[in-house]
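Visitor: Spelled out from the first residue to the last, the chains are:
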Amino acid sequence: MAISDLAIIKRSLTARMFSAVTTVITVAVAVALMLTLLSMRDSGKAAFERGTGNMHLLISRDSSPLVSVLNGVFYADPPARSIDAPKLSELRNKYQPAFSYFIPTQQGDSYRGMPVLATTEEFFSRFSPDPDFSPDDEETDGEPWQLAEGEFFDAPFEVVFGSTAAKETGVQVGDGIFVVHGTEVSRKAADTAEQFSPHVHKDFEYRVVGILEPTGSSHDRALFTDLTSSWIIHAHDRRQAEDPTVTETTVTDLTPQDALVTGIYGRVATRAGSNVSAAIPAILSQLRADTSITVAQPKEEIDTLFEIVGSIDQILIAMAAAVMVSSGIAIMLALYNSMEQRRRQVAILRVLGCSRGRIVVLVLIESALLGLFGALLGLAGAFIGSQVVASALKAQVGLVVEPLFDPTLTASVVVAAVLLGAIAGLAPAILAYRTSVSRNLRPIG
Amino acid sequence: MAAALDITDLRFRYPNTTADVVRIDRFTLASGEQALLTAASGEGKSTLLQLVAGLMDPGHGFIRVDGTDVHGLHGAKRDLFRGTKIGMIFQTFNLLQGFTAAENVMMALKFSPVPKGEHRARAVELLSTTGLDTPDREVTQLSVGQQQRVAVARAAATSPVLVLADEPTASLDPETGEAAMDLIQETCRSIGAALVCTSHDPAMASRFERRESLGALRGETASQGA
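Protein chains in written order, with our numbering: chain A, 230 to 674; chain B, 33 to 258.
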C-alpha cells in the first residue's frame with residue numbers, strides 16, 4: 230500500500246476544512262443558481278404553452294388581455310366580471326360558425342384551494358393542453374385528454390379532478406365533495422366536509438366521476454364540472470337571499486341572469502394539418518371592435534410575457550455567471566492564501582523527490598475538486614431550489630412548472646464549474662511551482 | 033565502486049555578491065563513510081548541503097553522488113535522483129503536519145522506484161528499527177525524540193547512498209542529542225549510506241573519525257581529518 234495523490238489532497242483539504250467548505254458552498258450556490266434559472270426558463274415557458282393549449286382566442290370581461298389569460302387559463306384569480314347570457318348568445322350567433330370550438334367557462338368556486346372550472350363537455354372533446362392537437366383533423370391521433378380513472382362528466386353535479394388536484398386533496402372516484410365560493414379564508418375553512426363555512430355550497434354535493442392524467446399544465450390543479458350545476462348553486466344563493474325559506478333550486482329555477490360565464494375558449498376553424506388560420510386577424514379585429522369584451526390571443530400574451538421576463542431572465546443568467554466567476558475567484562483566493570501556509574509542505578515534498586510538475590498537478594486537482602464538490606452540491610441544491618420555485622409559482626400564480634434539467638446543459642454547467650476550479654488553481658499552482666525549497670526549509674543552519 | 037560523494041572545483045555565490053559562499057577544490061566521501069562538517073553560523077554549511085542535494089545550482093564545478101553528476105540531471109530526473117539516492121535530516125525535522133509517522137516515511141517512498149505494495153510494510157519496519165512503535169499516530173502528537181526517529185526513518189526509507197544531516201541536534205537537549213546522533217549514525221551504517229553531518233557543536237567531534245571545516249576546504253586552514 231502506498232500513499233496516493235488523492236490522500237495528499239484530502240489531507241490538504243481537511244487541514245483547511247473551514248476554508249474548503251466555505252469555498253465549496255460558494256461554488257454550490259453559483260451552480261445551483263445557474264441550473265435553477267436555466268431549468269425554470271425552459272420548463273416555465275413549456276408550462277405556459279401547455280396551459281393555453283390549442284386555443285386561438287380567449288374572450289372575457291377582464292381588464293386586459295394578459296390578465297384574462299392569467300385568470301382564465303392559469304387560475305391566478307377568479308375573473309371579476311362575467312359575460313351574461315344575452316351577450317354569450319350574441320357572440321355565439323355571430324362567431325360560432327367560423328370557430329372550431331367556442332367553449333364557455335365559469336370560475337369562482339373552489340375546493341380546498343383548487344379552482345373549479347365550470348364548462349361544457351367540449352372542453353374535453355375539443356380543447357387540448359397540447360398546442361399541436363387539431364380537433365378537426367381526422368388524422369389527429371389520440372384524445373385531447375386522458376383519464377387516469379373514471380369518466381368525463383356528462384350530468385350536473387359530476388366533477389372531474391385534474392391530476393394534481395386529486396393528488397393533493399386525496400379524493401377518489403365516487404367521493405362526494407362540496408365546493409366553496411369566495412375567499413381563501415372560506416376555502417381553508419372547508420378543509421373537511423364537516424367544517425362548513427357560510428360560503429360553502431352545502432346544499433349541493435358533487436360526485437367525483439373522473440381523475441385526469443397529468444398534462445403538465447395549469448389545468449392539472451383544477452376541477453371540472455358542467456356549467457348548469459355551477460349556475461344552479463349560484464341561483465340557489467340568490468334565491469335564498471331573496472327568500473330565506475327556499476330550500477331547493479333546480480334547473481327550472483334558472484333565470485337568464487344566473488347563466489353567467491367568465492370566459493370563452495375559442496379556436497378558429499383551420500385546414501387539416503394546420504394550427505393557424507388566415508381568418509384569425511379579421512375575426513380578432515371584429516371582436517376587438519366590441520368594447521364590452523376583452524379579447525386575448527393567449528399565445529401572443531405568453532410571448533409578450535416572456536419577452537418582458539426574458540430580459541430579466543438574461544440579466545439573472547448573467548448574474549449567475551458572474552457569481553460563478555466570483556466563486557472561481559474564491560477558490561483561487563482560498564488556495565492562494567493557503568499556499569502561504571503550504572510552502573514548507575511543498576518544499577518538503579520537493580526534498581523527498583516530488584517534481585515541480587507533480588506539485589502543480591496536485592494543486593490543480595485540488596482546485597478542480599473544490600469545483601467538482603461545489604458543482605455536485607449545487608446540482609442537489611438546484612433540484613431542491615427548482616422544486617421550491619415551482620411550488621411557489623403554483624401557489625402564487627397557479628402556474629404548474631415541472632422543473633426540467635436538460636442533461637447536456639446540466640453536464641455543461643458541472644464541467645464548467647470543474648474547469649473554473651482548475652483555472653482558479655493556476656495562480657496558486659504557479660506559486661507552488663516557484664516555491665523555493667531552500668528558503669522554506671529554514672532554519673537549517 | 034564510485035564514491036558516495038565527489039566534489040570537484042565547486043564555487044557558489046549568491047546573486048549580487050562578490051565573495052564565494054562555498055569554495056571547495058576537492059572533497060570525496062567513500063561509500064558508507066561518515067564525516068562531520070563544521071563551520072560557524074552563516075558560513076555556508078546549509079548552502080553546501082542544498083547544492084549536494086541538487087536544490088541549488090553551483091556557479092562552477094561538479095558534484096557527483098554515487099558517480100552521477102547531480103547538476104547534469106534536470107527537472108523531474110534530478111528530483112527522482114534526490115528522492116532515491118539522497119536522504120535529508122533537518123534541525124527542525126520538517127515532518128509533514130497532518131500525516132502520521134508511517135505516512136511521513138511512505139511519502140519518501142512515494143517518489144522512489146520502490147514498488148507501491150511494499151511502502152507501508154517498509155515504513156512500519158523502519159520506524160520499528162528506529163524505536164517507534166506507533167506508526168499510525170499523527171506526527172504532531174509525538175514527542176520531540178519520536179519526531180526525530182520519524183525524520184531518521186524517512187531519510188533512510190529509500191536506502192540512499194548518502195544522508196545529509198543539517199544540524200540534527202541543534203534543537204535538542206544534550207542527552208536527547210546524543211541519542212539522536214547514535215540513531216543517525218547507526219541507521220546509516222546499517223543501510224550502508226555515507227553520512228555528511230553539519231554542526232557547530234564541538235562535542236560532536238569525538239563521534240566522527242573524519243572531520244572537515246568549510247574554512248579548511250576553502251584552503252584557509254589545514255584539514256582536521258584523522
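One thing to keep in mind: the hints can contain errors.
Claimed, not checked - Counterexamples of contact, computed for chain A against chain B with all Cβ distances above 12 Å:
| hint | residue |
| --- | --- |
| 1 | Ser292 |
| 2 | Lys316 |
| 3 | Ser392 |
| 4 | Val400 |
| 5 | Glu536 |
| 6 | Ala550 |
| 7 | Tyr565 |
| 8 | Ile577 |
| 9 | Gly586 |
| 10 | Val618 |
| 11 | Leu633 |
Claimed, not checked - Covered stretches of chain B (in silico footprint by chain A; criterion: 3 or more residues with CB under 8 Å from a CB of chain A, positions within the stretch not fixed):
| hint | segment |
| --- | --- |
| 12 | 91-104 |
| 13 | 137-150 |
| 14 | 235-249 |
If you're looking for bench data, these hints aren't it; they were derived computationally from the structure.
Yeah, the Cβ is synthetic: ideal placement off N, Cα and C, and Gly gets one too.
Visitor: Checking the smallest CB distance to chain B, is Glu536(A) really beyond 12 Å?
Guide: With a cut-off of 12 Å, Glu536(A) remains clear of chain B, as the shortest Cβ separation is near 56 Å.
Visitor: Beyond 12 Å from every Cβ of chain B: is that where the Cβ of Val618(A) lies?
Guide: holds, 42 Å
Visitor: Ser292(A) clear of chain B by more than 12 Å, beta carbon to beta carbon?
Guide: Per Cβ check, Ser292(A) is outside 12 Å of chain B; nearest 68 Å; holds.
Visitor: Over 12 Å to the closest beta carbon of chain B is the bar; see if Ala550(A) clears it.
Guide: holds, 36 Å
Visitor: Using C-beta distances, would you say chain A covers the segment 91-104 of chain B, given that this needs three or more residues below 8 Å?
Guide: Our answer is that it is violated, as 0 residues pass the Cβ test (under 8 Å) against chain A, missing three.
Visitor: Just checking, Gly586(A) versus chain B, shortest CB gap more than 12 Å?
Guide: violated, 6 Å
Visitor: Grab the minimum beta-carbon distance between Ser392(A) and chain B and tell me whether it stays above 12 Å.
Guide: holds, 55 Å
Visitor: Test the statement that Leu633(A) is away from the interface with chain B: the closest C-beta pair must be farther apart than 12 Å.
Guide: The claim holds: Leu633(A) sits with its nearest Cβ about 44 Å from chain B, beyond 12 Å.
Visitor: Beyond 12 Å from every Cβ of chain B: is that where the Cβ of Ile577(A) lies?
Guide: At roughly 5 Å from the nearest Cβ of chain B, Ile577(A) sits no farther out than 12 Å, so the non-interface label is violated.
Visitor: Does the segment 137-150 of chain B contain three or more residues whose Cβ lies closer than 8 Å to a Cβ of chain A?
Guide: Answer holds; 9 residues pass the 8 Å Cβ test.
Visitor: Taking a Cβ-Cβ distance under 8 Å as contact, does the segment 235-249 of chain B have three or more residues in contact with chain A?
Guide: violated (count 0)
Visitor: Would the least Cβ to Cβ distance between Val400(A) and chain B come out above 12 Å?
Guide: Check passes; 60 Å lies beyond 12 Å.
Hint compliance for this structure: hints 8, 9, 12 and 14 are not met, and every other hint is.
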